[in-house]
Structure formats: C-alpha cells, structure tokens
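S.K.: Residue numbers (the numbering used here), protein chains in the order written: chain D, 1 to 671; chain B, 672 to 919.
In short, the hints are calculated from the structure, not lab data.
Model, not experiment: these values are computed from the prediction.
Heads up, a few of these hints could be off.
Claimed, not checked - Think about it this way: if two alpha-carbon atoms lie no more than 27 Å apart in a straight line, the pair counts; the simulated DSSO-like pairs of lysine-lysine are:
id, chain 1, residue 1, chain 2, residue 2
1, D, LYS550, D, LYS655
2, D, LYS310, B, LYS763
3, B, LYS696, D, LYS523
4, B, LYS914, D, LYS160
Unchecked claim - Between beta-carbon pairs, the in silico distance windows are:
id, chain 1, residue 1, chain 2, residue 2, range
5, B, GLN714, D, ASN605, 39 to 45 Å
6, B, ASP692, D, GLY200, 38 to 44 Å
7, B, ASP811, D, GLN408, 33 to 39 Å
8, B, ASP823, D, SER387, 32 to 38 Å
9, D, LYS310, B, ASP692, 48 to 54 Å
10, D, ARG494, B, SER818, 31 to 37 Å
As the list claims (entries may be wrong) - Some chain D residues near chain B, calculated using beta-carbon distances under 7 Å:
id, residue
11, ASP67
12, LEU143
13, GLN165
14, ALA180
15, GLY182
16, ILE211
17, ALA240
18, MET241
19, THR282
20, GLY574
The C-beta atom is built at its ideal place from N, Cα and C for all residues, glycine as well.
Here is what each chain is made of, one letter per residue.
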Amino acid sequence: MATLDSKVPKGPIADKWTTYKDKIDLVNPANKRNIDIIVVGTGLAGGSAAATLAELGYNVKAFAYQDSPRRAHSIAAQGGINAAKNYMGDGDSNYRLFYDTVKGGDYRSREANVYRLAEVSGNIIDQCVAQGVPFARDYGGLLDNRSFGGVLVSRTFYAKGQTGQQLLLGAYSAMNRQIARGKIEMHNRHEMLDVVLVDGKARGIIARNLITGEIERHSAHAVVVASGGYGNVYFLSTNAMGSNATAAWKIHKKGAYFANPCFTQIHPTCIPRSGDYQSKLTLMSESLRNDGRIWVPLHLEDAKAIQEGKLKPTRIPEENRDYFLERRYPAFGNLVPRDVASRAAKERCDAGFGVNATGEAVYLDFASSFVRYGTEQAKIKGIHNPSKEEIIKLGQAIIEEKYGNLFQMYEKIIAENPYETPMMIYPATHYTMGGVWVDYNLMTTVPGLYCIGEANFSDHGANRLGASALMQGLADGYFVLPYTIGDYLSDDIRTGAIPTDTPEFDEVEKSVKERLDFFINNKGTHSVDYFHKKLGNVMWDKVGMSRNEKHLKEAIAEIKEIREDFWKNVKVPGNLNEFNQELEKAGRVADFLELGELFALDALNRNESCGGHFREESVEKDGPQKGEAKRKDKEYAYVAAWEYKGEPSDAVLHKEQLEFKDIELKTRSYK
Amino acid sequence: MNLTLKIWRQKGPNDKGQMVDYKVKNISEHMSFLEMMDVLNEQLVAKDEDPVAFDHDCREGICGMCSLHINGEAHGPDRGITTCQLHMRMFKDGETITIEPFRANAFPVIKDLVVDRMAFERIQQAGGFISVNTSGNTQDANAIPISKHNADEAMDAAACIGCGACVASCKNSSAMLFVSAKVSQFALLPQGQVEAADRVLNMVKQMDEEGFGNCTNTGACEIECPKGISLENIARMNREYLKASLKG
Numbered sequence: 001m002a003t004l005d006s007k008v009p010k011g012p013i014a015d016k017w018t019t020y021k022d023k024i025d026l027v028n029p030a031n032k033r034n035i036d037i038i039v040v041g042t043g044l045a046g047g048s049a050a051a052t053l054a055e056l057g058y059n060v061k062a063f064a065y066q067d068s069p070r071r072a073h074s075i076a077a078q079g080g081i082n083a084a085k086n087y088m089g090d091g092d093s094n095y096r097l098f099y100d101t102v103k104g105g106d107y108r109s110r111e112a113n114v115y116r117l118a119e120v121s122g123n124i125i126d127q128c129v130a131q132g133v134p135f136a137r138d139y140g141g142l143l144d145n146r147s148f149g150g151v152l153v154s155r156t157f158y159a160k161g162q163t164g165q166q167l168l169l170g171a172y173s174a175m176n177r178q179i180a181r182g183k184i185e186m187h188n189r190h191e192m193l194d195v196v197l198v199d200g201k202a203r204g205i206i207a208r209n210l211i212t213g214e215i216e217r218h219s220a221h222a223v224v225v226a227s228g229g230y231g232n233v234y235f236l237s238t239n240a241m242g243s244n245a246t247a248a249w250k251i252h253k254k255g256a257y258f259a260n261p262c263f264t265q266i267h268p269t270c271i272p273r274s275g276d277y278q279s280k281l282t283l284m285s286e287s288l289r290n291d292g293r294i295w296v297p298l299h300l301e302d303a304k305a306i307q308e309g310k311l312k313p314t315r316i317p318e319e320n321r322d323y324f325l326e327r328r329y330p331a332f333g334n335l336v337p338r339d340v341a342s343r344a345a346k347e348r349c350d351a352g353f354g355v356n357a358t359g360e361a362v363y364l365d366f367a368s369s370f371v372r373y374g375t376e377q378a379k380i381k382g383i384h385n386p387s388k389e390e391i392i393k394l395g396q397a398i399i400e401e402k403y404g405n406l407f408q409m410y411e412k413i414i415a416e417n418p419y420e421t422p423m424m425i426y427p428a429t430h431y432t433m434g435g436v437w438v439d440y441n442l443m444t445t446v447p448g449l450y451c452i453g454e455a456n457f458s459d460h461g462a463n464r465l466g467a468s469a470l471m472q473g474l475a476d477g478y479f480v481l482p483y484t485i486g487d488y489l490s491d492d493i494r495t496g497a498i499p500t501d502t503p504e505f506d507e508v509e510k511s512v513k514e515r516l517d518f519f520i521n522n523k524g525t526h527s528v529d530y531f532h533k534k535l536g537n538v539m540w541d542k543v544g545m546s547r548n549e550k551h552l553k554e555a556i557a558e559i560k561e562i563r564e565d566f567w568k569n570v571k572v573p574g575n576l577n578e579f580n581q582e583l584e585k586a587g588r589v590a591d592f593l594e595l596g597e598l599f600a601l602d603a604l605n606r607n608e609s610c611g612g613h614f615r616e617e618s619v620e621k622d623g624p625q626k627g628e629a630k631r632k633d634k635e636y637a638y639v640a641a642w643e644y645k646g647e648p649s650d651a652v653l654h655k656e657q658l659e660f661k662d663i664e665l666k667t668r669s670y671k
Numbered sequence: 672m673n674l675t676l677k678i679w680r681q682k683g684p685n686d687k688g689q690m691v692d693y694k695v696k697n698i699s700e701h702m703s704f705l706e707m708m709d710v711l712n713e714q715l716v717a718k719d720e721d722p723v724a725f726d727h728d729c730r731e732g733i734c735g736m737c738s739l740h741i742n743g744e745a746h747g748p749d750r751g752i753t754t755c756q757l758h759m760r761m762f763k764d765g766e767t768i769t770i771e772p773f774r775a776n777a778f779p780v781i782k783d784l785v786v787d788r789m790a791f792e793r794i795q796q797a798g799g800f801i802s803v804n805t806s807g808n809t810q811d812a813n814a815i816p817i818s819k820h821n822a823d824e825a826m827d828a829a830a831c832i833g834c835g836a837c838v839a840s841c842k843n844s845s846a847m848l849f850v851s852a853k854v855s856q857f858a859l860l861p862q863g864q865v866e867a868a869d870r871v872l873n874m875v876k877q878m879d880e881e882g883f884g885n886c887t888n889t890g891a892c893e894i895e896c897p898k899g900i901s902l903e904n905i906a907r908m909n910r911e912y913l914k915a916s917l918k919g
C-alpha cells in the first residue's frame, strides 16, 4: 500500500508556517503577469483566493454556477467566525484554538494544518474589518465576541445572524475590485464539467455556459477547486439546491484522492421535514441550545397522542417529560457537541418518542428561559411580586432580542408561534468534513491541482466545531494558498500560455459532450429528482447518523442498483444548447450516485466511532461511558484517502498516518 | 388545495413570450412556493414538456438568487421574505396565481422567469469595495473604534441580498435602494471614507448607464424589500453624491 506525503515541514509546530513561508520559492511580479490560474467556485474560499491571487498579479479566471459570486452558499452561515484574538482577555491563544479544533475533530485532523489555521485566524478579522465588514461592536466601539459550542472561551466574531453573508460580501467586494481592473475574468453561470491534464499536470477545465449551453475550453498553469461540500448526496440537507460535488468528483476521477468521505456533520437544530415534497432543510443556529431545553414525552402514549395531533406539548406536566440530553450528559446537558446531540435525538425518535406527524422531531423548549430571564429582569426593573405572566413577558423580550430572527424564520416555515409552543427540531446534514485529499500546500495528488475550503478534507477531522467553517475558507483563500501556489508556479515562469487546441483538451471535451448528449437523448421514464430522492433515502437510512456493517453493505449494493437504473431510465427534457436546469441536475446527480457509494465504502472500512461517524459495532461496552462512541486510535488514527480505479467500490485505500506530537489523544467525555 | 397558475413562458431572450395556464392539484399549505413550483415541474417532465425555468439556490432567504413577481408583487404577498420563504398557506384553495419574472429594461429575460442581473454586478465593480489588498498586515481590527450605532446602521445597509426586488417594484425601475445600500454601508464606516467621493460618483454613473430609472420617492422598494433596507439609505446616498459633486 502506498503512503501519502503530507509535506508537513519539520520543526516545532508554532514555527512551521513562518519558517516554511520564508523558504519557499516566489514568483517575481513581472512573471506573475504571465501566469494564469483557474478558480472553480467563488464562495468564501474560492472568492478570497481569486481576489488575493489577482492582487498578487496573477491572471485569474473564476467560475461560478450562480449569476454572481455573492450567491455562494457560504452566505447562509449564521453564527460567526472564530479567531484567537483574545480581545476578551479570557485566556485564548493560537494554541487553545488549535487544541479545541483538534479535540473537537475527535483527533482525526492534521495537526500542522490546524495550527496554521489558528495562527492566521487573527489576520482574517483584521483583513475583514479593513474591507468594511460590519462586525458587531460593543458600546465602546470595539469588536464584540460570543461563545460557541465545545469551547471554554469567547472567540466568535459575528455580524448579527448573517456572518457568512457579510464575510462573503467582503470577499466579493475584493473580487469586484479585481474584476474591474481586468485581473479576474469572471465567468458567472458557468459550470466546470471536467479538468484537463497535460503531462500529468492540471492545465485547464472544460466548462458549460449555463445560459447558452456552449461547451468551453479554459486553460491555466494551475487549477484551484473551491466548490464546497457534498452534503446534497443526502438529497435533503441544509445546503443550497445547487450545491454539488461535480468539480470535486471529476478531479477525483482524474487522479486526486478523496479523503474520509464518511465524515459528515449532521446538525441537531434544523427545522423538521413536513412532507415528501420537501426540497431542502433549514438550519437554525446552534446558539439556540444555550437557552432552549431539548425534550420528548417520557411516556409512549403521550408521544402517540402528540403525533396524532390529540395532545399539546404544553399540557404535558414537567414530570412526564424526558430531557434526554440533560439525563444522559449531566455535565454538558443541552450543550453537548453537534454529533452527540444529533444521535441522542435520533435514538429517542427511533424508539417512538418523536413529536410530530412523521415521528421525527424533538422539542426545543424556551419556557424555563422565559422564567429565568424574566425573574432577573423583574429584579433589575424593581418590580415587586410580579405575576407569572409578567415574568414570562419580560423573559420573552430578552429571548426575542437574542434570537428574534430565528423565531420569526421558524414561525414562517412551521406556522406555529415558538414563544407559545415549544419549537420542533430534528437533525439534518449540514457540512462535510471529508473531501479531496490535500497536502500541507493544499495541493491534491495531481500536480498543479489545488483544493480549498469545504471541498478539501484537512482541518476539521471527524467533526467540525461551530464558527470554524468560515475561518477555514478564508484562511485557505486569503492567507495559505496564495503563498503555497507560488512555490509550484515558480517552475512555470517560462512555460507561456497553455494552448487549448491540443489532443488533451479534444479528448476531455469529447467525453463531456458525449455524456451531455446521452442525457438529452436517453428519453427515459423518470426525472432526475426521482433518482436523487432514492439515493437520499438510502444514504439517510443506512449511511446516516448511525451506521453498521449490514446496512452499509446493503447501501453499497442499493446505490449501485439506483445508479444502473439511472443510466438506463433517466429522463432529461429540453436541448443541449439552451438554459436547461434539468440537464444541470442530471450531471450532478450522476456524480452523487458514485460518490455515495464511496462514502458507504469508507464508512464500512472505518470500524470505529469518531466524531460524526458512528459505528454501532464500536461503542463502550461498560463503565461510565457505556453505550457511548468508541474511538480506536491504534487501528484508525489515519486519513483514508481513496484512489479512483473505475467503479467506486474498486477504489484503492491509501493511508496517511496521523501523528499527534503536540496534543495528547483523549476520549471525549461529556458525561 | 388546487390552484391555477398563470406563468410567463419565454424560450429565450429574443422570444416574444406569453402567459400560459397550468393546473396543480393537492398542494399542501405547508409547502413553500418554490416546492409548489417543483411539483409543477415534475408534472411537466412526466408529460415530456419543458419545465418552467426559475432562479433559486439557498431556499432560506439569503442568497438573493430567487426572484418572481407573484400576483403583481416582488417575492409575493408576504412581507420581509424572499420567494423561497413564501409558503402556500398565504393562498386559498381554487385561487389563480400569476407568476412573472422581475421586469425592468436593465434585467432582460434569459428564459421564462430567469432574468439577467449582470447590471448589478457592473455597478458593484464600479466602486462597491474598499481598496485594500490582502496582506495579513493590515492594522489590528480594534485599532479604530467605531460607534455601535454606526456599525449597526452599516450592518443594516449591508444586509441587502442583491435580489432586485427594489427595481422590479419601482414604477421607474430605479436601482437607487440597491446602490445606496452599498454606498451607505461604506459611508458609515471610517474604512470607507478615503474613497467615499469616487465611490458614489462611479457607482451612480454606472447605475445610470445601465438604464435604471430615477427615484421619485414612492417608497415601493422599501416595502417590497425582503431585508427591510431603509429609504434613509437613498437620502444618505443623495447627500454623499451632492458632497462628492461639489468637491469636484
């Protein structure tokens, strides 16, 4: 079995990045003008990379499937962005952010990459403020911070409930400045359909103009893929409808290894499904768990009555409620990490205690917070002997101030007032920690092909902490890739423009066109969504929050069947040379149908429970941790990087052994 | 519920286009409006007809991709939301719903309900940024205190999602609310001061070149804006513009 070279520099962890930056080759400004770089995807990672590379002097060609970089799904991140600024003076440091991230990732991330992430986190905040990002401030005019799950300090910077939006608009504005100067050639409404390799190096892409349907060739000296995660393999997720894995999957098929696909985050606080027509799920910030208590009825007959609409939750007395997180995890209670909270909710619902018609929902109840805040407010306001109603009203005002926009969003979707009836929540797929394998330079196993942001695998291990996705996207794009890519491109200063009228481009374009032709001409019986929903059901039922050998083997077989059926019976209306949204979906779902199988294979291979990946066979058998996830460091402290060999199940496993020199491996305990 | 939909169909930018009637049945009131459109499109695909093209992506009201003029209102009858957040409980069984694209000279139709909003991109490129390179050596984020009031107001202006509802709602197809939101965000922050005069002049110039109309203070944009961007931003932009013009 081959080993992977992560190219992590030698030396103490705190000095690695600085020393490395001092020693790598640079490209002089005059030569940068002769070098082209393609960036696919313009969310936080791709947008920030495109802007910075253009500022440095490279010619950037950027691609987005939406009509503007401002639409990328980074925009939907609500809560905030972490940075080890220690403005609060509560003992934060680069080391602490590094430690929390590695521990939160359940010891499956690469130490050196995570330390670098922590190291540049402070620069991100400086940069964004300079760009005019309106972060929240206190009355003294300084930046405000809040705390997030899984950590002991306040290091999260935020812009109301729209932090992702404001950071993305910051990167977008930096891009706009370069587009206006002609340094970024922006291709909106374009989708990358394959990568072109010349002499083993990434030298271009084939893209489809989504308005005209034209197939285009674009060449460059390096290609950067920043196309986000693959959560939509589940059909229902909190991702945008168009979020897809096509760019990442295509480069995998051309030689880039795909790492840890089974590491997926299922977020506990999403609005539950209401019916089969549902197109996507909506996330509500996990900050709600600071003040809400999660429960289901203690007795099955109460749960049944609720499911049938015969009983209101407010009529169930306190002693007949099961606050299952507080019961199982007294130390952390409702604030256990995302993976633990999600699995506990599923366990109760599987046992029949779910609280909506589908039986897949638990309550998130703010009633006790109303009383707690209300009592405090009454004291502050000097109200003596306040009535119960007065207290609740005062408390509701505080909750409204903190989470008003989330309560409003919930009410619009569910049509129930969450101030009066407890909210209903259920876990949903939210983020993928796995992705394309990259080395310390963020280069994939294909020379000249880079992968950044959620699309790569490196920083979050088996579980991502809240407010870390925005940090990683911007760190990769603003501060890491622009350095490391120079080292590679310094060999290309004499290469000259890459021609597109070569056999390599001919061949890839031909295969892309053949596939599109097939879809249009197949005249099958079922729509693309029909197959996507089927795939999603298998993924959710058998490769979801809780996995076992039997189900995973079944999933592999079933996904293969769905894929074969898809290639026989898919129906795509319309033509090639026009705006055709069904055709766009067909290509994306075809790729999900392969990725899903590798995902299940990876989950089958990893017979341990860690982070978001829970294997029923790997639980603590006795002691205080009985029934909890059991990590197996001796056998599985490695990155599983898969090499494409034809069918997804033929993929070959390569292991990157993870070394923990600066952090001691411990069992996560939230009891 | 059962509904009749009158939908604008237009094959391409040069096609004339027309309203076409469709029926959908058994629509749940809990569906979102776009999920109802998904149901319609599944029906059309099953019948080998061309599905209705419409823009959408995040389906949670933040990306600004979805549009639609529904029963004569941008983003439909509800307030403070985008089309993707609109739910079918806002409609009645048996109702006829008219669905059109955002209409403006500066937003040509690409297909059916999809319009080209590149004019907004070009306005942003004309000055919607602060000229600072990514060096990692900008000054510390807390070096310049900014009053909470100004920071909050800048944030309120920055909440614009660039959907174009303001243009579609305006009888003059004016883009003043959109442009003023960006001008205001930077005008309220010290970081934006250095280029303030050039920014407002360049962005307004580009706005005029794109063929957007003028503002006559009817305020329809503010009412239909899914993010509640205030008309005060237009007043602020006018002040900034006057100031910049006088400076010469």
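S.K.: All the hints need checking, so say for each whether the structure fits it.
M.R.: Against the structure, the hints come out as follows:
1. D/LYS550 x D/LYS655: Status holds; Cα separation ~24 Å.
2. D/LYS310 x B/LYS763: holds (26 Å)
3. B/LYS696 x D/LYS523: holds (26 Å)
4. B/LYS914 x D/LYS160: The hint is violated at about 31 Å.
5. B/GLN714 x D/ASN605: 39 to 45 Å: holds (42 Å)
6. B/ASP692 x D/GLY200: 38 to 44 Å: violated (57 Å)
7. B/ASP811 x D/GLN408: 33 to 39 Å: holds (36 Å)
8. B/ASP823 x D/SER387: 32 to 38 Å: holds (34 Å)
9. D/LYS310 x B/ASP692: 48 to 54 Å: violated (41 Å)
10. D/ARG494 x B/SER818: 31 to 37 Å: Because 54 Å falls outside the window, the suggested range is violated.
11. ASP67: At 6 Å from the nearest chain B Cβ, D/ASP67 passes the 7 Å test, so the hint holds.
12. LEU143: holds (6 Å)
13. GLN165: Holds - the Cβ of D/GLN165 comes within 7 Å of chain B, reaching about 6 Å at its closest.
14. ALA180: Holds. Min distance 4 Å.
15. GLY182: violated (10 Å)
16. ILE211: D/ILE211 check passes; min Cβ-Cβ to chain B is 6 Å, inside 7 Å.
17. ALA240: holds (4 Å)
18. MET241: holds (6 Å)
19. THR282: holds (5 Å)
20. GLY574: holds (6 Å)
When held up to the earlier numbered hints, the structure conflicts with 4, 6, 9, 10 and 15 and fits the remainder.
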